[in-house]
Amino acid sequence: MDFAVFTRLIDQFPGLKELHLQGLGEPMMHPQLFDMIDYAAGKGIRVTSTSNLTLLSPRRAERCVTSGLVELNISVDSATPSIYEEIRVGSRFERVARNVALLSETRRRLNRDQPRLKLVAVLMRKTLDGLPDLVRLAHSWSIGELFVQHLCHDFAESSLPAEYWPMRQFVDEQTLLSQPWEPIEQKFAEARSVAEALGVELRLPSPRANPHPPGTPGPTRCDWPWVRGYVSYQGLAMPCCTIATPDRFNFGSMAQQGVAAVWNSTAYDAFRDQLNSDEPPEICRTCSVYHRTF
Numbered sequence: 098m099d100f101a102v103f104t105r106l107i108d109q110f111p112g113l114k115e116l117h118l119q120g121l122g123e124p125m126m127h128p129q130l131f132d133m134i135d136y137a138a139g140k141g142i143r144v145t146s147t148s149n150l151t152l153l154s155p156r157r158a159e160r161c162v163t164s165g166l167v168e169l170n171i172s173v174d175s176a177t178p179s180i181y182e183e184i185r186v187g188s189r190f191e192r193v194a195r196n197v198a199l200l201s202e203t204r205r206r207l208n209r210d211q212p213r214l215k216l217v218a219v220l221m222r223k224t225l226d227g228l229p230d231l232v233r234l235a236h237s238w239s240i241g242e243l244f245v246q247h248l249c250h251d252f253a254e255s256s257l258p259a260e261y262w263p264m265r266q267f268v269d270e271q272t273l274l275s276q277p278w279e280p281i282e283q284k285f286a287e288a289r290s291v292a293e294a295l296g297v298e299l300r301l302p303s304p305r306a307n308p309h310p311p312g313t314p315g316p317t318r319c320d321w322p323w324v325r326g327y328v329s330y331q332g333l334a335m336p337c338c339t340i341a342t343p344d345r346f347n348f349g350s351m352a353q354q355g356v357a358a359v360w361n362s363t364a365y366d367a368f369r370d371q372l373n374s375d376e377p378p379e380i381c382r383t384c385s386v387y388h389r390t391f
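Using my numbering, you'd call the opening residue of the sequence shown number 98 and step up by one each time.
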């Protein structure tokens, strides 16, 4: 996203309290990421981000610490290097470990306690057995929190663009939501035990869908379209982050039409009305947030 577009959009969100800078790409690839953080933080906005930390350098580590970034989520799905590198193609586990140490050392050297670090991981069939080791990894990296989630969407909508069909197949192969509960609970219990012993705050997802009772208000089902916005690098507004790409669904360009015009549009309101019913939009029907498995 062009920096001028970014600042123009930020200025159109009155009362904005929190900004999370994340998309499908790696945020540190953006040449003005830290200018964006500076700008938003200067307006009193709580700024967070998520990174795979493969591109950290000494200069970027200093900017992480001095830019006003409050929290940085570090994306690592496995503590086993071979599994990590199979998932994160082209990355090296040892490089990430070195970069975590670099960032922690930079905070100490500059006598800062921000950004707060959190480990985030996506739970799959290939990572389930290593979950307790992931808790141990967080502790060994002096990271006090591990947030574990399921694969967030199964890409099952009928309108899915053909280029994303391999993603649908991957989710089908790796999701745990269709698997027997007992072995999952055994690993969850082991991970909880390790976390308690090491003092790591562990968040685990629900292993099963938790359907909303009929008549549940829309914001209770998912409050994204009412209180949060998700904008692509092109400036296209989407209902939430789990949709990921605007070619799957979007309401139009906030960069071109303005934030208020899109936020209050007929299309956005129609989406809210449908989500407020017992027949949600198709793209929401197999979303892990909607089914409370996230």
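Quick caveat, the hints were computed from the structure, so don't treat them as lab data.
Since the structure is predicted, the reported quantities are computational estimates derived from the model, not experimental observations.
All C-beta atoms, glycine included, are put in the ideal place defined by N, C-alpha and C.
A couple of the hints might just be wrong.
Quick list of in silico lysine-lysine cross-link-like pairs, DSS-like style, CA-CA up to 25 Å [unchecked claim]: (1) K140 <-> K114; (2) K284 <-> K223; (3) K114 <-> K223.
Here are the simulated distance ranges between beta carbons [unchecked claim]: (4) Q246 <-> N373: 22 to 32 Å; (5) P310 <-> R369: 18 to 28 Å; (6) P304 <-> L152: 31 to 41 Å; (7) A294 <-> T104: 41 to 51 Å; (8) D99 <-> L295: 40 to 50 Å; (9) Q353 <-> R305: 37 to 47 Å; (10) D344 <-> D320: 20 to 30 Å; (11) P310 <-> A253: 18 to 28 Å; (12) E182 <-> P314: 38 to 48 Å; (13) E260 <-> L152: 19 to 29 Å; (14) P310 <-> R206: 46 to 56 Å; (15) A294 <-> S179: 38 to 48 Å; (16) Q246 <-> M126: 14 to 24 Å.
Here is what the structure says about each hint:
Restraint check: the Cα-Cα separation between K140 and K114 comes to about 9 Å, which is no more than 25 Å; the hinted pair holds. About 13 Å separates the Cα atoms of K284 and K223, which keeps this hinted pair within 25 Å; it holds. Taken as a hint, the K114 and K223 pair is broken in the structure, with Cα atoms around 37 Å apart against an allowance of 25 Å. Evaluation of the 22 to 32 Å hint for Q246 and N373 yields a pass: the beta carbon distance comes to about 25 Å.
With their beta carbons about 19 Å apart, P310 and R369 fall inside the hinted range of 18 to 28 Å. Remark: the range hint 31 to 41 Å for P304 to L152 is upheld by a beta-carbon distance near 34 Å. For the pair A294 and T104, the supplied restraint of 41 to 51 Å holds, since their beta-carbon distance comes to about 47 Å. In this structure, D99 and L295 meet the distance hint of 40 to 50 Å, their C-beta atoms being roughly 44 Å apart.
Look at Q353 against R305: about 42 Å separates their beta carbons, and that is inside 37 to 47 Å. The supplied range of 20 to 30 Å is met by D344 and D320, whose beta-carbon atoms lie about 24 Å from each other. The hinted window of 18 to 28 Å between P310 and A253 holds, with their beta carbons roughly 23 Å apart. Between E182 and P314 the Cβ separation comes to about 44 Å, which falls inside the hinted range of 38 to 48 Å.
At roughly 25 Å, the beta carbons of E260 and L152 sit within the given window of 19 to 29 Å. For the pair P310 and R206, the supplied restraint of 46 to 56 Å holds, since their beta-carbon distance comes to about 53 Å. Hint check: A294 to S179, Cβ distance near 26 Å, so the stated range 38 to 48 Å is violated. A hinted range of 14 to 24 Å for the beta carbons of Q246 and M126 is consistent with their spacing of about 23 Å.
Consistency with the previously given hints fails for numbers 3, 15, ordered from lowest to highest.
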